[in-house]
Amino acid sequence: MEYICQNCQAKTSRWSGKCLQCGSWDSLKQLDSQIKGGVKSQALELIPYQEIKHRSSTRLSTGIKSLDQVFGGGIVPGSISLLSGQPGIGKSTLLGQLALNLSAQSNLIYLSGEESKTQLGMRLQRLTTDGIGDRLMITTDTRIENLIGHLADGQTDLVIIDSVQTIRSGQIDTVSGSVSQITTVTNLLVEAAKLTSTAIILVGQVTKGGDIAGPKLLEHMVDTVLHLDGDRNSELKILMASKNRFGNNQALAIFAMGEKGMEEVSNPSERLLEFRQDQSGSIVYPALEGNRSILIEVQALINKTNFGYPKRTSVGFDLNRLQMLIAVLSKRAKLKLDQYDVYINLVGGIKVDDPGVDLAVAAAIISIYFDQKLGSDLVVFGEVGLSGEIRPVRGSNLRLEEAKKMGLKRAIMSGSSKQAVKRIEDLLGLIKQ
0 MEYICQNCQA KTSRWSGKCL QCGSWDSLKQ LDSQIKGGVK SQALELIPYQ EIKHRSSTRL
60 STGIKSLDQV FGGGIVPGSI SLLSGQPGIG KSTLLGQLAL NLSAQSNLIY LSGEESKTQL
120 GMRLQRLTTD GIGDRLMITT DTRIENLIGH LADGQTDLVI IDSVQTIRSG QIDTVSGSVS
180 QITTVTNLLV EAAKLTSTAI ILVGQVTKGG DIAGPKLLEH MVDTVLHLDG DRNSELKILM
240 ASKNRFGNNQ ALAIFAMGEK GMEEVSNPSE RLLEFRQDQS GSIVYPALEG NRSILIEVQA
300 LINKTNFGYP KRTSVGFDLN RLQMLIAVLS KRAKLKLDQY DVYINLVGGI KVDDPGVDLA
360 VAAAIISIYF DQKLGSDLVV FGEVGLSGEI RPVRGSNLRL EEAKKMGLKR AIMSGSSKQA
420 VKRIEDLLGL IKQ
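In this text, residue positions in the sequence shown follow numbering that gives the first Met the number 0: the first is 0, and each later residue adds one.
There's no promise every hint is true.
With a Cα cut of at most 30 Å, we get these calculated DSSO-like pairs of lysine-lysine [stated by the list, open to error]:
#1 K259 to K242
#2 K64 to K333
#3 K10 to K242
#4 K408 to K431
#5 K404 to K64
#6 K28 to K10
#7 K242 to K28
#8 K10 to K64
#9 K116 to K193
#10 K64 to K28
#11 K64 to K431
Now the in silico label distances, taken between C-beta atoms and shown as ranges [stated by the list, open to error]:
#12 H219 to R409: 24 to 34 Å
#13 G62 to G384: 24 to 34 Å
#14 R422 to R393: 16 to 26 Å
#15 S329 to E190: 30 to 40 Å
#16 Q104 to H219: 43 to 53 Å
#17 S375 to E113: 38 to 48 Å
#18 Q276 to R231: 22 to 32 Å
#19 K330 to K215: 34 to 44 Å
#20 S265 to N232: 36 to 46 Å
#21 E424 to K372: 15 to 25 Å
#22 G384 to L45: 53 to 63 Å
#23 K17 to K303: 35 to 45 Å
In short, the hints are calculated from the structure, not lab data.
Cβ atoms here follow ideal geometry from the backbone N, Cα and C, with glycine treated the same way.
Using the sequences provided together with the hints, build the complete structure.
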């Protein structure tokens with residue numbers, strides 16, 4: 000009996016809670032399957048390049064402008080895409096809207112391994128007031144060979160599978176969701192998609208750590224990897240492509256969850272700053288998400304600690320990074336933060352891992368520490384080092400353009416411009432003026 004790591008594919012004869020190769024926890028799964036039957040060789044089909052050079056392939060429009068942009072201009076026939084995200088984030092809702100938009104002019108199959116046909120039909124009905132086209136077919140048959148057999152005639156334009164972890168192949172003697180099942184099923188789907196020019200979208204479940212469940216190989220096998228992110232309790236969701244063979248892998252779309260599903264947000268900065276008040280501890284940060292900038296309000300609050308060890312709480316910003324910034328401010332800027340509980344909040348449920356947010360968080364803490372307002376027309380961004388230096392970050396022009404568009408005329412940033420600060424002490428001096 001063998002076990003395989005779902006993260007790095009390392010094999011071992013004994014199970015353990017931690018993979019000895021990559022160090023990931025709870026990633027070893029039993030690999031005891033045998034593939035049935037033999038393999039027969041076939042004649043290799045070769046096509047001259049000149050014959051296919053002028054062939055054109057019309058992309059499928061999803062009916063959602065920003066979603067088309069994330070796909071690179073629409074869904075490419077014969078492509079296979081993977082959509083991941085936390086449970087309840089809106090993956091099925093978004094794909095349901097896509098299916099409804101295409102149901103009048105394209106042949107679609109929506110395969111659900113997690114809902115019954117009646118449940119799926121009820122969910123789709125809630126997403127539309129215009130009715131459902133007669134070219135959308137629904138199935139809950141999770142046997143991959145049955146689906147591929149139906150695709151053989153080449154008449155299907157798009158297949159949505161929710162989710163890949165629920166599909167199984169009769170060639171493998173393991174349960175759905177195992178490493179061997181996911182690998183085999185995906186291989187069969189990739190082959191079928193290329194042979195029949197059928198576009199396929201897979202929904203991928205994620206682990207507690209936010210990684211796509213299953214073998215890491217899965218992300219390499221597909222053409223496009225999309226991730227839907229956001230706080231489950233926040234209306235704003237961000238869809239971003241981390242891999243796209245047919246478009247920009249930095250493209251993103253921003254949606255708001257409404258009564259009729261996902262609604263496109265054309266100006267997320269305006270929505271996120273709608274209720275902002277010019278108070279101490281409030282800073283506007285121009286986040287860089289993919290190839291666009293979004294203005295986010297960073298809030299800080301400090302309070303005299305009632306315990307021997309001060310509390311640090313962060314929402315939307317890495318807690319370890321906050322601990323580091325507090326240490327830098329205490330050592331370099333001489334702030335006595337060991338006497339205060341510190342709370343950081345990025346408004347709107349947005350999570351940011353861009354190092355450029357360091358300076359905005361530091362400015363918010365200094366602002367609330369001295370109870371000093373910084374004005375409503377200011378943006379702050381830059382990376383803070385342990386010695387107190389302010390480092391430049393990418394996309395400065397994009398960030399400043401977004402700030403200017405929203406009427407924010409001043410900036411505190413890293414770099415060589417007149418607006419730049421070089422050390423955390425310089426930031427302290429600007430705020431205390």
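Hint by hint, here is what the structure shows:
no.	hint	verdict
1	K259 to K242	29 Å, holds
2	K64 to K333	50 Å, violated
3	K10 to K242	27 Å, holds
4	K408 to K431	20 Å, holds
5	K404 to K64	22 Å, holds
6	K28 to K10	10 Å, holds
7	K242 to K28	26 Å, holds
8	K10 to K64	44 Å, violated
9	K116 to K193	28 Å, holds
10	K64 to K28	40 Å, violated
11	K64 to K431	46 Å, violated
12	H219 to R409: 24 to 34 Å	45 Å, violated
13	G62 to G384: 24 to 34 Å	47 Å, violated
14	R422 to R393: 16 to 26 Å	21 Å, holds
15	S329 to E190: 30 to 40 Å	59 Å, violated
16	Q104 to H219: 43 to 53 Å	33 Å, violated
17	S375 to E113: 38 to 48 Å	46 Å, holds
18	Q276 to R231: 22 to 32 Å	26 Å, holds
19	K330 to K215: 34 to 44 Å	40 Å, holds
20	S265 to N232: 36 to 46 Å	23 Å, violated
21	E424 to K372: 15 to 25 Å	21 Å, holds
22	G384 to L45: 53 to 63 Å	56 Å, holds
23	K17 to K303: 35 to 45 Å	42 Å, holds
In the structure shown, a violation is registered for the earlier hints numbered 2, 8, 10, 11, 12, 13, 15, 16 and 20, in ascending order.
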